[in-house]
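Enquirer: Using the sequences and the hints, build the whole thing.
In case you want the letters, here they are:
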Amino acid sequence: MPLLINGKVAEDKWIALDEETFASDPDGLIASLVTNNSAVIYPLASYLARRETLKGHSQNVALKVTGDDNLNELTELLDEVALIAIEFPVLRDGRGFSIARNIVRRGFKGEVRAIGDVGFDRLDNMHRSGFNAYQVESEDCAQMFAKAIQEISVNYQPTHHR
Amino acid sequence: MYVYNNDDQKLVEQRVEQYRDQTQRFLAGTLPEDEFLALRLMNGLYVQRQAPMLRVAIPYGLMSSTQLRKLSDISRKYDRNYAHFTTRTNIQFNWPKLEEVPDILAELATVQMHAIQTSGNCIRNTTTDPYAGVHKGEIEDPRPFCEIIRQWSTLHPEFAYLPRKFKIAVTGSSEDRAASQVHDIGLHLIKNEAGETGFEVLVGGGLGRTPIIGQVIKSFLPVEHLRSYLDAILRVYNLNGRRDNKYKARIKILVKALGIEKMAELVEQEWLEFCKETDLHISKEEIETFKGYFSPISYDPQAAKEADLTAQFAADESFKVWYERNTVEHKVDGYRIVVISLKPHLLPPGDVTDGQMDLIADLADQFSHSEIRSTHDQNLVLSDVKMSELKALFDKLQAANLARANIGTLTDMICCPGYEFCALANAETLPIADQINRKFDDLDYLYDLGEIQLNMSGCINACGHHHVADIGILGVDRKGENYYQFTLGGSSKSDASLGKTIGKAIAASEVADTVQKILDVFISHRHEEELFRDVIKRIGLEPFKEYVYATSH
Numbered sequence: 012m013p014l015l016i017n018g019k020v021a022e023d024k025w026i027a028l029d030e031e032t033f034a035s036d037p038d039g040l041i042a043s044l045v046t047n048n049s050a051v052i053y054p055l056a057s058y059l060a061r062r063e064t065l066k067g068h069s070q071n072v073a074l075k076v077t078g079d080d081n082l083n084e085l086t087e088l089l090d091e092v093a094l095i096a097i098e099f100p101v102l103r104d105g106r107g108f109s110i111a112r113n114i115v116r117r118g119f120k121g122e123v124r125a126i127g128d129v130g131f132d133r134l135d136n137m138h139r140s141g142f143n144a145y146q147v148e149s150e151d152c153a154q155m156f157a158k159a160i161q162e163i164s165v166n167y168q169p170t171h172h173r
Numbered sequence: 022m023y024v025y026n027n028d029d030q031k032l033v034e035q036r037v038e039q040y041r042d043q044t045q046r047f048l049a050g051t052l053p054e055d056e057f058l059a060l061r062l063m064n065g066l067y068v069q070r071q072a073p074m075l076r077v078a079i080p081y082g083l084m085s086s087t088q089l090r091k092l093s094d095i096s097r098k099y100d101r102n103y104a105h106f107t108t109r110t111n112i113q114f115n116w117p118k119l120e121e122v123p124d125i126l127a128e129l130a131t132v133q134m135h136a137i138q139t140s141g142n143c144i145r146n147t148t149t150d151p152y153a154g155v156h157k158g159e160i161e162d163p164r165p166f167c168e169i170i171r172q173w174s175t176l177h178p179e180f181a182y183l184p185r186k187f188k189i190a191v192t193g194s195s196e197d198r199a200a201s202q203v204h205d206i207g208l209h210l211i212k213n214e215a216g217e218t219g220f221e222v223l224v225g226g227g228l229g230r231t232p233i234i235g236q237v238i239k240s241f242l243p244v245e246h247l248r249s250y251l252d253a254i255l256r257v258y259n260l261n262g263r264r265d266n267k268y269k270a271r272i273k274i275l276v277k278a279l280g281i282e283k284m285a286e287l288v289e290q291e292w293l294e295f296c297k298e299t300d301l302h303i304s305k306e307e308i309e310t311f312k313g314y315f316s317p318i319s320y321d322p323q324a325a326k327e328a329d330l331t332a333q334f335a336a337d338e339s340f341k342v343w344y345e346r347n348t349v350e351h352k353v354d355g356y357r358i359v360v361i362s363l364k365p366h367l368l369p370p371g372d373v374t375d376g377q378m379d380l381i382a383d384l385a386d387q388f389s390h391s392e393i394r395s396t397h398d399q400n401l402v403l404s405d406v407k408m409s410e411l412k413a414l415f416d417k418l419q420a421a422n423l424a425r426a427n428i429g430t431l432t433d434m435i436c437c438p439g440y441e442f443c444a445l446a447n448a449e450t451l452p453i454a455d456q457i458n459r460k461f462d463d464l465d466y467l468y469d470l471g472e473i474q475l476n477m478s479g480c481i482n483a484c485g486h487h488h489v490a491d492i493g494i495l496g497v498d499r500k501g502e503n504y505y506q507f508t509l510g511g512s513s514k515s516d517a518s519l520g521k522t523i524g525k526a527i528a529a530s531e532v533a534d535t536v537q538k539i540l541d542v543f544i545s546h547r548h549e550e551e552l553f554r555d556v557i558k559r560i561g562l563e564p565f566k567e568y569v570y571a572t573s574h
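So the sequences go chain by chain: A and B. The working numbering numbers the first residue of the first sequence as 12 and each following residue consecutively. The working numbering numbers the first residue of the second sequence as 22 and each following residue consecutively.
In case anyone wonders, no lab produced these hints; they're calculated from the structure. Keep in mind that this is a model prediction, so the values were computed, not measured. Even glycine gets a Cβ: it sits at the ideal position worked out from N, Cα and C. Take the hints with a grain of salt, since some may be wrong.
Claimed, not checked - Label pairs and their in silico Cβ distance ranges:
{"id": "1", "chain 1": "A", "residue 1": "Ser164", "chain 2": "B", "residue 2": "Gln323", "range": "27 to 37 Å"}
{"id": "2", "chain 1": "B", "residue 1": "Arg230", "chain 2": "A", "residue 2": "Glu84", "range": "27 to 37 Å"}
{"id": "3", "chain 1": "B", "residue 1": "Lys500", "chain 2": "A", "residue 2": "Asp36", "range": "58 to 68 Å"}
{"id": "4", "chain 1": "A", "residue 1": "Ala93", "chain 2": "B", "residue 2": "Glu441", "range": "29 to 39 Å"}
{"id": "5", "chain 1": "B", "residue 1": "Pro452", "chain 2": "A", "residue 2": "Tyr167", "range": "36 to 46 Å"}
{"id": "6", "chain 1": "A", "residue 1": "Tyr167", "chain 2": "B", "residue 2": "Glu549", "range": "45 to 55 Å"}
Expert: Structure (structure tokens):
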């Protein structure tokens, strides 16, 4: 799926790990990923389970979070990861906007990536809530993004810039 | 009133084009139906039983004569020559064509109007006291703060996909004319001991399936923190409100689950840590600027000297009756607040025709500084009418069937459109309203009863606010037959309370007779001029239950 970072199409160097794969052999898996310098997106719970091992590798460590995760746990980890992927499981679930806002205003400077149901009509909301990367289905995503953030140019919220 | 600057205008114009594009993509098949559903709802477009319904925002119920004329125009050009005012002080068109909605929105934008966030799971139109700024005894005019909320909540990127809809009401007086205690957030302007203005903030009120009275989350919030505190509440709600069941998704359920103390703690933490000291803080200058948009009109100092209506009352008894019922004391001597009754005999409550809209716009120009207000109980208000001009205004209203002297009486009912117009409704409401109107057409009898609020909803979603009426009627469906359940003792005013059911639902044909029985019990127990609600408080529901459900009389 195409990836857009800061409005430009980008190569995705990250491997997304699911909880089941991780659970089958967590220590072996982590050992090989660390040795190979692989950049990996861990589900929050998986990361927390092996936090001590992964802690020093922030450049290659990312987290995947959803609205069901404990955000207080997440905010403790902002210095330990390079990317946070926030999942929008369905169109109507707007928790991801507030999760992004939460981590950005806490000073997270890494990539904030929207994954899941990331459609054209919500790109501007995401952009203004603090996302800077989007996994989207469309091939002409750079154009699409440029259009999405230009549809409305007026901004009534001084805390949510475009 | 607030007049758009270039940015405000640009926003509504851009929103029209954005929505036009969404509609075109839907019609072309490139935007899936479920995605379009969420997007069109956020722009006030429902698809109802017979046709789409478009709800247009009237921010805090305030509109100009130019805007009302445009609404009239739209009803002629795109609809069937009428429209309906809602309990959120908005206006609905019942027969627009889906593909023409972008054109309607473009027309609205030319008069600084829109349909943004009139539906959907987002922050809805903020409502307030229809007598704001002109009522005697007001603490402060709530409208500048309503406008601040309007701007902050409009197209808020973070709060467009909330667990459920979100409604805010603001009052500026000790009397509550905005049902603020049954809102997701109720804001009451108050003064503290030091004489500073702030808000008492209530959270978690609401009607629908689980009616709840809001609870105080902050007893005094200085006005400068209004935006930042709302931001904190909304974020706590957006992250923690339930999303697994739409009937348990309102903030009231979250507040109930957490308890008000825990909710207050979460909000306070969020507010202090991340909201209070941000750009959401409102400076004193900014507040003054917003107040300036609502500065009082220049009242005629001569008006008080021409306020003697004795001769006109003597010449026209119906004028006197209307004056007593449908006008309200104004803060300036020589002026009255006029309520235009949208509850005529045997016509749908809250409906207006195109001709009536044009006339009301003209009357606003002629008698009330070109402004009109809509009320949460589905009437209209002209806020600044000279007493010397009341008779001329009355004559014109009466000729247009807009002067039924029933404000505050049994037939001034709040009523949702019901089964005929709403896809959610289980039961008809309008024929029942007619039935009640037929039975209770004697104004003298209604006046003798005193102030009684009767509200009716066609389903459990409670758009007709039946829980907070002296007499509440809820329509239910039993195997294809409509039945009506009565609740008594509710109120949306300062003494907000939820009505209690008196027993099993009653057949459609017996609704008006049941109202009569309830009134008979009231009259037989009433001391002198005692109000209906006071009698209920004193004697409870038992006598009503006994009489209504007695096998024979």
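Enquirer: If a hint holds in the structure, say so; if it doesn't, say that too.
Expert: Going through the hints against the structure:
1. A:Ser164 - B:Gln323: 27 to 37 Å: violated, 49 Å
2. B:Arg230 - A:Glu84: 27 to 37 Å: holds, 34 Å
3. B:Lys500 - A:Asp36: 58 to 68 Å: holds, 60 Å
4. A:Ala93 - B:Glu441: 29 to 39 Å: violated, 58 Å
5. B:Pro452 - A:Tyr167: 36 to 46 Å: With Cβ atoms ~43 Å apart, the hint holds.
6. A:Tyr167 - B:Glu549: 45 to 55 Å: holds, 53 Å
Hints 1 and 4, counting from the list given before, are not met by this structure.
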